[in-house]
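Student: Using the hints provided, position chain L relative to the given structure of chain F.
Take a look at the letters that make up each chain.
Protein chains: 2
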Amino acid sequence: MSEFRRDPVIGRWVIIDAARTFEKINPSSSYPKDASNCPFCPGNERLTRPAILSYYGSGANSKDWTLRVIPNNKPVLQVEGSLKRRADGMYDKMDGVGAHEIIIETPRHFVKPTAMDANYHEQVFKASIERIKDLRNDARIEYILTFKNYGIAANAVFEHPYSQLIAMPIIPKRVREEIDGGKKYFAYKERCVYCDIVENEIAREERLVCENEMFVALCPYASRYPFETWILPKNHSSDFDGISQKELSYCSQITSLVYSKINKVLDDSAFSVLTHTAPLKEKNLTYYHWHIEVIPKLTSASGFEWGTGLYVNPVLPEDAAKYLRECE
Amino acid sequence: MSEFRRDPVIGRWVIIDAARTFEKINPSSSYPKDASNCPFCPGNERLTRPAILSYYGSGANSKDWTLRVIPNNKPVLQVEGSLKRRADGMYDKMDGVGAHEIIIETPRHFVKPTAMDANYHEQVFKASIERIKDLRNDARIEYILTFKNYGIAANAVFEHPYSQLIAMPIIPKRVREEIDGGKKYFAYKERCVYCDIVENEIAREERLVCENEMFVALCPYASRYPFETWILPKNHSSDFDGISQKELSYCSQITSLVYSKINKVLDDSAFSVLTHTAPLKEKNLTYYHWHIEVIPKLTSASGFEWGTGLYVNPVLPEDAAKYLRECE
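Chains F and L, in that order, are what the protein sequence lines are.
Read in the numbering used here, the first sequence has 282 at position 282, and its numbers run on one by one without any break.
Read in the numbering used here, the second sequence has 143 at position 143, and its numbers run on one by one without any break.
With the rest of the complex left out, here is chain F (with noise of 0.2 Å):
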């Protein structure tokens, strides 16, 4: 079983998983041709655990399935064991509890999610919200993560389209500094500082890729990566899984036309795309404003970003927002 320790200086919870070995650390460098053994075809499903979620399309018996979620092989976190934090010596840890599991996209190996439309990714986000309220029942999960790495580049060891659901007992670093910063400039402004910005970057055009009705993609003023893209709801909600049936279409509209942009310009590059939503556990925040964020894996970071946490970003935001932006 895993474990999260935690940094005895500046508090970070890491996760230890030593089950995983070295298959992370020296992944292969190609998808196999054959994808005769993928265990997320169809025909293959006893190579997985049995599905925790699956679709099927319309009037399609059992084997037709459009979409499944299994529990992931190897998890970095498994739903056995306490949440009892423990001393360590002068340091604390907790067992590696919670959920990983894999959202199998489509039956087909083959397919580009960059080339998919809107009811794709309308599915996808379904399930993952499925999933979330399911996993709300479980009183010791804090937070929980959806997130796709595609491409090779982006760490997806499977070929086969999937997206990935990680519940945790902790709120990870990153979102609880959004969540501080929020609630201070909420302090000050007495306005969501991602409704701010979403007016802001309409108003401006110059950071904006594309909108509709009710979302809206741009490249951040800050941005760390090279063509970072966020999409966010016009709407101001910080909980992913509140969003209504109408805002989840837009949403894959939106979504869909990124992901088309950002693989014509950046010519089929890997990326990542990250769901980042309130604590479970704090629902209906003024001030913070679930957000989808897209990393295309352009660079790697180096150790300049590793030992300071400052970011060198070669491509100006409005650069980037421009190309995408005008790519048809």
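Mixed in with the good hints, there may be bad ones.
Identical chains blur together in the list; that is why a pair holds if it fits in one copy or across any two.
Claimed, not checked - The calculated lysine-lysine pairs, modelled on DSS-like cross-linking and capped at a C-alpha distance of 27 Å, are: (1) Lys189 <-> Lys93; (2) Lys234 <-> Lys183; (3) Lys184 <-> Lys173; (4) Lys184 <-> Lys84; (5) Lys189 <-> Lys173; (6) Lys264 <-> Lys112; (7) Lys173 <-> Lys234; (8) Lys173 <-> Lys183; (9) Lys126 <-> Lys322; (10) Lys234 <-> Lys93; (11) Lys74 <-> Lys283; (12) Lys84 <-> Lys189; (13) Lys322 <-> Lys93; (14) Lys234 <-> Lys246; (15) Lys93 <-> Lys184; (16) Lys189 <-> Lys283; (17) Lys93 <-> Lys173; (18) Lys33 <-> Lys234; (19) Lys84 <-> Lys74; (20) Lys322 <-> Lys74; (21) Lys126 <-> Lys112; (22) Lys84 <-> Lys264; (23) Lys126 <-> Lys183; (24) Lys133 <-> Lys234; (25) Lys133 <-> Lys246; (26) Lys184 <-> Lys112; (27) Lys33 <-> Lys112.
Keep in mind that the hints were calculated from the coordinates and are not lab data.
Tutor: What follows is chain L alone, placed relative to chain F:
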């Protein structure tokens, strides 16, 4: 000129350096076999800006330098510019003022720093300290980071052994977090947290890599990366450039040993090394302890790490320390 931009939510400063264009984005996958055009080799001094500092062998003429410090040809920060923070709509920015220098560690192109003895490292440390002491005279500089990337996977652009120094007008986020964490610990325990770590790890041995009279090398309890190794002085001190000659000699010895162990255990893996020291204007802190962090580049951070600030480390620090400790 580059600029600092402040993230309006979490307050992180990012350097936007559009002058770097895509060079950093598409690093080459191997170094040129032919070193004749290397700007760091003797005879090619005309390819760089004039040296800020040069060391010479005893009795040698001016061509026989043993180390040179030069301004980076493509600095992420530069000396000219105003320090004034300016509003940019709802955002904040500042000129990219600072210094970015290269320490050419040796005239020899093809030597490996991991194979070098203590004298080699002592000369590099001396040059860093001399430059830090000089840059302290510029009142605009708040922090100086010295670091080294070794190997292409760690973003070392040149094969010729070199280190870097970046002087900046802000305190990097991670150093600020360490100082704030150290302050909290001191407020409660009236002891330096790093001094406690040093004492604890020497006593427990399980995460100890090696030690000498004045320094210790260990794999930290909550290591973020496999084989992450810290080198700390046993005597409390917050300022790297306050090191005594005797300490410098022991520090160089342990650095040589740690590099050699990492090289052997990890088969010439790429790595980054960073010196964490107190901000220039906060000298002699009781609650901060300068140290060196060695981070082998075995894994690449994925969306999960980016999105959460939560790291998954697949190697137990106790196992990593054991491998390193037992390697001759």
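Student: Of the hints stated earlier, which fail here?
Tutor: Per hint list: 9, 11, 18, 22, 23, 26 violated.
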